[in-house]
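Q: With the sequences and hints as input, model every part of the structure.
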Amino acid sequence: MSLMLEDIALSAGGRVLLHPVTLSLEAGSLNVLLGPTLAGKTTLLRLMAGLDRPSGGRLLVDGRDMTGVGARQRSVAMVYQQFINYPSLTVFENIASPLRVAKLPRAEVEARVHQAAELLHLAPYLGRRPLELSGGQQQRTAIARALVKRAALVLMDEPLANLDYKLREELREELPRLFAESGSILVYATTDPAEALMLGGQVATLWEGRLTQFGPAGAVFRRPCDILTARVFSDPPLNEAPARLAGRELVLANGRRIPALQRGVEGECTIGVRAHELVLDDQPGPDAVPLDATVRVAEVTGSESYIHLDVGGLAWVVLVPGVRRPEPGERITVWLDPRRLFLFGTDGTLLATPELAEAA
Amino acid sequence: MARIAFQQLAHSYHPAPRGPIDYALRPMDMAFDDAGAYALLGPSGCGKTTLLSIISGLLRPSDGTVLFDGADVTPWAPERRNVAQVFQFPVVYDTMTVRENLAFPLRNRGVPAREASARVDYVASLLGLTAALGRRARNLGADDKQKISLGRGLVRSDVAAILFDEPLTVIDPHLKWELRSRLKELHRQVPVTMIYVTHDQTEALTFADRVVVMAGGEVVQVGTPEALFERPAHTFVGHFIGSPGMNLLPCEVVSGEAVLPGGHRILLPHPPARETLAGRRIELGIRPEFTRIARDGDLPVLLRRVEDLGRRRIARVELAGLALTATLPDGAAPSSDAARITFDPAHLHLYADGRLVEAAP
Amino acid sequence: MKPHSNRAWLLVLPVVALVAFSGVIPMMMVVNYSVQDTFGNNEFFWNGLGWFRELLDPSTEFGGRFLDALWRSLLFSAICLAIQIPLGIAVALTMPRRGLALAFCLVAMALPLLIPWNVVGTIWQVFVRGDIGLLGHALNRLGLAFNYTQVPLHAWITIIAMDVWHWTSLVALLCYAGLRAIPDAYYQAARIDGASSWAVFRSIQLPKLRRVLTIAVLLRFMDSFMIYTEPFVVTGGGPGNATTFLSIDLVKIALGQFDLGKAAAMSIVYNLIILTLCWVFFATTTRGDADAAR
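Residue numbers (UniProt numbering), protein chains in the order written: chain A, 1 to 360; chain B, 1 to 361; chain C, 1 to 294.
In case anyone wonders, no lab produced these hints; they're calculated from the structure.
20 angstroms max Cα-Cα, derived EDC-like pairs, lysine to aspartate or glutamate:
#1 LYS252(C) to ASP37(C)
#2 LYS166(A) to GLU307(B)
#3 LYS252(C) to ASP68(C)
#4 LYS166(A) to ASP200(B)
#5 LYS166(A) to GLU289(B)
#6 LYS166(A) to GLU195(A)
#7 LYS208(C) to ASP184(C)
#8 LYS166(A) to GLU230(B)
Some chain B residues near chain A, calculated using beta-carbon distances under 10 angstroms:
#9 ALA142
#10 THR224
#11 GLU230
#12 PHE240
#13 GLY242
#14 GLY310
#15 ARG312
Just so it is clear, CB atoms sit at the ideal spot from N, CA and C, and this is done for glycine as well.
A: Now the structure itself:
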C-alpha cells in the first residue's frame with residue numbers, strides 16, 4: 001500500500017502540535033522520523049495510526065481518503081518505547097494475539113508465530129511469560145507481534161530507547177530487513193541522528209512540530225535544507241558561528257576572512273560545520289583558515305577524541321581520530337576549511353553545502 | 001574525598017546462596033583512587049548497579065568489606081558515608097525552589113545558613129543554574145532537573161564520592177553533549193571520586209579516566225579507554241566496546257600463522273608459545289577500524305552491504321562464510337566483485353577461551 | 001469527508017433516557033415544588049420565590065432552623081476531615097509494605113467499608129448504650145456518666161467516633177496507594193541527602209500525595225456533609241436538635257411535616273452549597289497543577 005499525508009496538521013487547545021505535513025510513503029519503505037523530544041514525532045505517528053483525528057488535511061491510503069477512520073479499521077501495528085506485552089499470556093499467545101483477533105485458522109496461527117519467533121530468536125522462550133524475559137527479549141516479543149500481523153503500516157516509537165546499547169545495535173541491524181520482506185511501510189521515530197543513519201532509508205526531520213525535510217538519510221545528512229535540519233541531524237551538535245558575506249569573501253566575527261564559495265549573496269549569515277569536518281593539526285587545504293581556540297575539556301573514546309573548545313565565546317566540538325588529551329585551558333588552533341562549511345541565511349535556509357559532500 | 005576499596009566483596013540476593021550462579025556479584029578486590037573518574041560499564045544484569053548500591057550503602061553486601069580511606073564502612077548507612085548519588089530519573093523535591101533543593105542536604109546536616117547559601121551559589125554557577133535559583137524545581141526540563149540532582153551531590157564540601165546511575169538516560173542527544181562535558185569539567189574543578197554506571201560505551205569512555213567493564217557479576221577488565229579499545233583483555237570487551245565491535249574469527253595456530261576457515265593463513269607478528277594454546281578454543285580478533293578493504297588486499301571477501309553512517313561507512317563482508325565488518329573512509333567506494341581485506345598486523349590479537357593470549361616474550 | 005458514522009448517537013440514547021428518568025425529571029419536580037405551596041390533596045398554590053426568601057432570612061423560624069442545621073453539618077464535616085485525613089495518612093505510613101501482614105491489614109481495613117450504613121448505625125447504637133452496650137456500659141462502670149441520648153456532647157462524640165471508625169480506612173487506603181506509587185529513587189536520594197523522616201514526609205511523601213488527598217478530602221467532605229442514615233439510626237437527630245444535620249432536618253420537613261415546598265427549596269440550596277464547596281476545594285487544590293503545566 002502507499003500512505004499519503006496531505007497537509008495533515010493538529011492543534012489542540014489553541015496550541016499547534018503539528019504544522020501541516022505532506023509526506024508520501026511507499027510500500028516496503030523504511031522511514032525514520034528524527035527530532036528531539038516534543039518535536040512532534042509521536043503526534044505524527046498517532047495521526048498516521050488513526051489514533052488521533054487531524055485538525056486539518058487529508059490522509060490517503062492507496063489513494064482512498066481514510067482521514068477519519070479509526071485505528072481499528074486500518075491495517076496498523078505499533079511498537080512503543082515501553083515493552084508492552086500481555087503479562088499473563090505466554091510469549092506464544094502474545095505473538096499470536098493479533099491473529100486470534102483476526103480469527104485465523106489454528107494451523108496458520110502456529111505457522112506464523114513460529115516463523116516470527118524464529119526470525120526474532122524467540123523460539124526457545126515461547127512457553128514463558130514476558131516478565132520472565134530480559135528487556136531485549138520483551139521488546140522482541142512486541143516486535144514479533146507487530147510482524148505476524150502483517151500490517152500494511154508498522155509504527156515504532158523509539159522502540160530501542162530502553163534497551164542496552166549493544167542490544168540496540170543488534171536489533172537495529174535486524175529490523176529493516178525483517179520488515180522489508182513483509183512489504184510493510186515501516187515508520188520509526190528516534191531522537192538519535194546516528195540511529196537514523198544506521199537504519200538507512202528515508203528520513204523526515206522534525207523540529208517543534210514542523211517537518212523540515214524528507215529524503216534519503218545520506219542526502220538529508222549531507223545536504224540539510226536549513227539550519228534546523230542540520231542541527232537535528234548533527235551529533236555532536238552542529239558548530240555554528242555568525243558571519244557576513246562580502247563579495248567573494250566570508251568575514252567571521254573576529255575579522256578573519258574566508259574565500260566564499262557562494263557568490264552574489266551579500267549580508268549576514270551563519271556558518272555551520274560538523275565536528276568531524278574540523279581539523280586540529282595540519283592545514284587541511286590551501287584555503288583553510290586558522291581559528292584560535294581554548295580547550296574546555298577532552299573526551300577520549302579509545303579510537304577517537306572529542307575536543308570541546310571555546311572559539312571566541314562559542315562552544316564548539318571537534319572530533320579527531322586517535323587519542324588526544326589537550327589540557328583544559330590550552331590554546332589550540334582549529335582549521336576551518338571552506339570546502340567543508342555549510343552556509344545558512346538569516347532565515348536559516350541553506351545557501352551553500354560543503355563541496356566535499358557534493359562530491360560524495 | 002576518599003579512596004574506595006573492596007576486599008573479597010561479593011553479593012547474593014538469595015538468603016542462602018548455593019553456588020556462584022546465585023551471586024549477583026562474584027568475589028572481587030578492587031580500588032577506586034581518590035579523585036579519579038571511573039565508569040562501571042556492562043549490559044543489564046551484569047551487577048554494576050548492585051556494586052553502586054553497595055558503595056553508597058543502600059545495599060549491604062553479603063560477603064566482604066568496603067573500605068573508605070582504609071576504614072571499614074560496610075555496616076554504615078548511606079547518610080554516614082557522605083556519598084552523593086544521581087539517579088537515572090531526575091529526583092527533585094517538587095515543592096521546593098531550585099535554591100532550596102540545592103540547600104537541602106546542607107540544611108539536613110545543620111550547616112549555618114550563610115555558609116550554605118555561599119555553597120549553593122557556587123554550585124549553581126558551576127552548573128549554569130544561577131538564573132533558575134528562584135524557580136520551582138518541578139517546572140524545569142529534564143536536563144535542568146538532572147543538574148539539580150547533580151548539584152545536591154556537589155553542594156557538600158565533605159562528600160567522599162559522587163555516584164551516577166545512568167544519569168543521561170532521559171536526556172536528548174543534544175543536551176547529553178552539554179551535560180557530559182560539563183560533568184567532565186566539574187571533575188577538573190572539584191576533585192572528588194566519581195563513579196559512573198552505564199551500559200552506553202560512549203558515555204563510559206568519554207567520561208572516565210578508567211573504565212571497569214563488567215559481565216555476569218565479574219569485572220572483566222579495568223583500563224583506560226584506549227587500552228580497552230586497542231588491547232581488549234577478553235573477547236567480551238572486544239565485542240562490547242567499539243561500534244561495531246571487534247571481529248572474532250575462529251582459527252588454529254600452526255607454525256606462527258593463524259589458519260582461518262577456508263584455509264586462509266595470516267602471519268602472526270608475535271606468535272604465542274604453543275603449549276598455551278593446546279586444547280583451547282582459539283579466536284583471532286581484529287577491530288573493524290584496523291582493517292582495509294581494497295582491490296589489492298590480502299584475503300578475498302564477499303561484499304554484502306555498505307552502511308552509510310554519514311561521517312564514515314561500514315562494510316559488511318563475508319570471509320569464507322564468516323561475517324566481518326570493516327570501516328571505510330568517507331569517499332571510498334569499494335567494488336563489490338573484487339574486494340579484498342587486509343588486517344593491520346599491529347592490532348591482531350589472539351584469544352584462547354575468550355582471554356587475550358599474551359605474546360611470547 | 002465525514003466517514004464517522006452517526007449511528008454512534010443511537011448507542012448513547014439509552015443512557016440519555018436513563019439519566020433523564022433518574023436525574024433530570026426528579027430534579028425538575030423539586031424545582032417545581034420549590035415555587036409552590038401545598039396543603040395536601042394534591043392542591044398546589046403558586047408561591048414564587050417565597051420559600052427561598054424565608055429560607056435565607058435567619059430571622060424567620062424556617063431560616064433560623066436552616067442556619068442552625070447548616071452550622072451543625074459544617075462543624076460535623078470539619079471535625080470529620082480534621083480527624084480522618086491526618087489519621088488516614090498516619091495509618092498509611094505505618095502500614096506494612098508486603099507479605100501476610102499487608103494482606104491482613106488490607107482486609108481488616110476494608111471491613112468497615114463493606115458494612116451497610118444502617119447496620120453501622122445499629123452497631124454503634126448498641127455499642128454505646130449504657131445498659132447493654134460494651135463501650136457505654138464500660139464507661140459507666142468506670143464512673144463516667146456517658147449518656148448519648150441525654151447529653152448533646154456525648155451524642156456528637158458517638159457520631160464522630162462512628163464516622164471515623166467507618167471511613168478512616170478509605171482515606172488510609174487511598175493514601176497507601178499514593179505512597180506506593182512514589183519511586184524508590186526518591187527515598188534513596190533522601191537517605192543520601194541525610195533527610196530526617198519528617199523531612200522525607202514534608203518534602204517527598206506529602207507533595208506526592210496531593211492528588212490523592214484532593215480526592216480523599218472531596219469524597220469525605222461530600223459524604224459527611226450529606227450524612228443521614230447513621231445519625232438517624234443512632235440519635236435520630238437528638239437529643240433535642242443537637243445532631244439534626246441538614247439531611248435529617250430536610251427529611252423531617254419533607255416527610256414529617258409534609259412541607260414539600262419548603263423541603264424542595266431547602267434541598268435546592270443544600271445542593272448548591274455542596275456543589276460550591278466542592279468546586280472551591282477542587283479549584284484551590286488543583287491550582288498548583290495548572291501552574292506547573294504552564
